Amino acid sequence: MSATTLSPADIKAEIKDDGRIPLRGHLRHTGALVRRNLLWIRQDPESMFDALLMPVVFTLLFVYVFGGSIGQALGGGQDGYVQYVIPGMIAMMSMTLSQGVGTGFSQDFNSGVMDRFRSLPIGRGSVLFAKVSVELVRMLFATTVLMIVAVLVGFDINSWPGLFAAVGLAAVFASSIMWVFLTLGVILKNAQSVQAMGFLVLFPLQFGSSIFAPTASMPGWLQAFTDYNPLSTLADAARGLMVGGPVAHDLWVTLGWSVAITAVMAPVAIHKFRTKS
Amino acid sequence: MTRIDKNPSGGNAAVSVRGLVKHYGETKALDGVDLDVREGTVMGVLGPNGAGKTTLVRILSTLLSPDSGQATVAGYDVIRQPRQLRRVIGLTGQYASVDEKLPGWENLYMIGRLLDLPRKDARARADELLERFSLTDAAKRPASTYSGGMRRRLDLAASMIGQPSVLFLDEPTTGLDPRTRNEVWTEIKRMVGDGVTVLLTTQYMEEAEQLASELTVVDHGKVIAGGAIEELKAKVGGRTLRVRPVDPLQLRPLAASLDELGLTGLAASTVDTERGAVLVPILSDEQLTAVVGAVIARGITISSVTTELPSLDEVFLSLTGHRASAPQDETPAPDLQEVAV
Chain A
1 MSATTLSPAD IKAEIKDDGR IPLRGHLRHT GALVRRNLLW IRQDPESMFD
51 ALLMPVVFTL LFVYVFGGSI GQALGGGQDG YVQYVIPGMI AMMSMTLSQG
101 VGTGFSQDFN SGVMDRFRSL PIGRGSVLFA KVSVELVRML FATTVLMIVA
151 VLVGFDINSW PGLFAAVGLA AVFASSIMWV FLTLGVILKN AQSVQAMGFL
201 VLFPLQFGSS IFAPTASMPG WLQAFTDYNP LSTLADAARG LMVGGPVAHD
251 LWVTLGWSVA ITAVMAPVAI HKFRTKS
Chain B
1 MTRIDKNPSG GNAAVSVRGL VKHYGETKAL DGVDLDVREG TVMGVLGPNG
51 AGKTTLVRIL STLLSPDSGQ ATVAGYDVIR QPRQLRRVIG LTGQYASVDE
101 KLPGWENLYM IGRLLDLPRK DARARADELL ERFSLTDAAK RPASTYSGGM
151 RRRLDLAASM IGQPSVLFLD EPTTGLDPRT RNEVWTEIKR MVGDGVTVLL
201 TTQYMEEAEQ LASELTVVDH GKVIAGGAIE ELKAKVGGRT LRVRPVDPLQ
251 LRPLAASLDE LGLTGLAAST VDTERGAVLV PILSDEQLTA VVGAVIARGI
301 TISSVTTELP SLDEVFLSLT GHRASAPQDE TPAPDLQEVA V
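As they're listed, the protein sequences go chains A and B. Residue numbers for the first sequence follow full-length UniProt numbering, beginning at 1 and rising by one. Residue numbers for the second sequence follow full-length UniProt numbering, beginning at 1 and rising by one.
There's no promise every hint is true.
Quick list of in silico lysine to any residue cross-link-like pairs, SDA-like style, CA-CA up to 20 angstroms [claimed, not checked]:
#1 140(B) - 246(A)
#2 189(B) - 225(B)
#3 120(B) - 27(A)
#4 140(B) - 40(A)
#5 276(A) - 83(B)
#6 272(A) - 79(B)
#7 140(B) - 43(A)
The set of hints was computed from the structure by calculation and includes no laboratory data. Bear in mind the structure is a predicted one, so any value in this text is a computation, not a measurement.
Can you make the complete structure from the sequences, with help from the hints?
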């Protein structure tokens, strides 16, 4: 039998080989791409500035500028407002930092390296999963900074498990929102458009929510919006977990939103990425 | 590594393209292209900007889907078997497709891992290819600090990690200075020496002649000529010999006598008074030698003799009777965004 003759096993292997990538392969590819994105941070530490400064600036701004008056209305003064707003900030951070994934991705697309990735035998989703993973690392970093600042301005961590649960929930929600920004990153022409578009989405969602102030004093039409806004439920769930109070309803609504957004947007993002010319 | 012949047609075409069409609205980027690249050879695809060269490469490397027609690479169909196809190809784009923020070594290691090499092998392969492409000293520096030539070499190294059987080089030297261009050519020749099949797009006849054995000339998404490079060169008048006498008064008598002796190729010789030279189209080295002999026989002192390849414009002029399609932009800025035409 000559070396070139196919044995039945070879033929079977050939027929079975439809080029599908096993799960282990996906994990390996995602890992290699995560390493790439982490090396970016090492190469360019300034890219972490937003994750470092945002929690500091926003916490100081809200606690010291608005904290007194909102806190008074809440009945707890500035200290009461700290307990109110810090869980909200965790929700805000998850949303704001998620936006970075879209702008970064858009820049990536305008360099030739995306063509190389797309011509390699890798699951094209790996490129996106890696982006999401690294952005979650950035988010956890920002949350750590936030909690340090929070403690410095007087936040009481009542429950460590509650804190971790709140951060976990925010990460789940953030990873779902990232698929929206990844989609924008693929379909919009440049990073600036992604950022502009991102702000249009972010602003109403963040301020039309219970993140910074209780919704009870808002007009009815706005309350109708804030009640359905996942950032409200995320903030309220985080509040419940970290400071105490009802949790279950907000937790489920937030998880529901996360699952729904991921289920719709992840396939859209991967499809858009796959077919982008 | 034993390779099973996966080519269902049984022939030895590593790349086979039939009736490939891709339109962008009104623009016909590819308008029915047929092409075959035999295993182990280098096919040059020559054409001006906007001729459809990049579109062709993008379809063959599964980055784009054609509107109609068929194409196989190493026996795999670009539409039905993209995943298998990606395993056997290497791609070097028009603008170096490396991650500029990563050091050279990290670029190669990453691609090794993406190609499922075990960590140890990916490391060894990165070291080996950096060495081979003379980039070892720059291994730890971000690719953004590399010169244009270094970046192209890194790009070529990246394409070689998976030991591809078919390599697509899309204008590998566009925008490089002549010395760097030579460096890249040397590397490509070495890769070809390893037996890889290459499809190379270029705007330069000189590049095609340096690297390719066969040539396909495209314009407006259509193949307008094809064949062995020698045949095509003969078709377009081979080379041009530029003879410069010391005494400009001898230009015209020299040209006349060469024509008389019948030493020129397809066309008569011409006089370039501005630069003080006689241009003699020649088809062979024998003709070149005969012309030089005639110059000596007439006792004319000359200051230089050079041969030139016909430019893309001359190739087009002789093949189609019109100049290469505008707009011509010989050296696009490297940050120019790819329009994928």
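Given the hinted pair residue 189(B) and residue 225(B), is their alpha-carbon gap at most 20 angstroms?
violated (24 angstroms)
CA of residue 276(A) to CA of residue 83(B), is that 20 angstroms or under?
Roughly 16 angstroms separates the two Cα atoms, so the pair holds.
Restraint check for residue 140(B) with residue 40(A), where alpha carbons must lie at most 20 angstroms apart
Distance ~14 angstroms between residue 140(B) and residue 40(A) Cα, so the pair holds.
Within a Cα-Cα threshold of 20 angstroms, do residue 140(B) and residue 246(A) meet the stated pairing?
violated (54 angstroms)
With a cut-off of 20 angstroms on the C-alpha distance, tell me whether residue 272(A) and residue 79(B) pass.
Holds: residue 272(A) and residue 79(B) sit about 17 angstroms apart, inside 20 angstroms.
Does residue 27(A) sit within 20 angstroms of residue 120(B), going by the straight-line distance between their CA atoms?
holds (17 angstroms)
Holds or violated: residue 140(B) with residue 43(A), Cα cutoff 20 angstroms?
holds (11 angstroms)
In terms of the numbered hints stated before, the structure departs from hints 1, 2, listed from lowest to highest.
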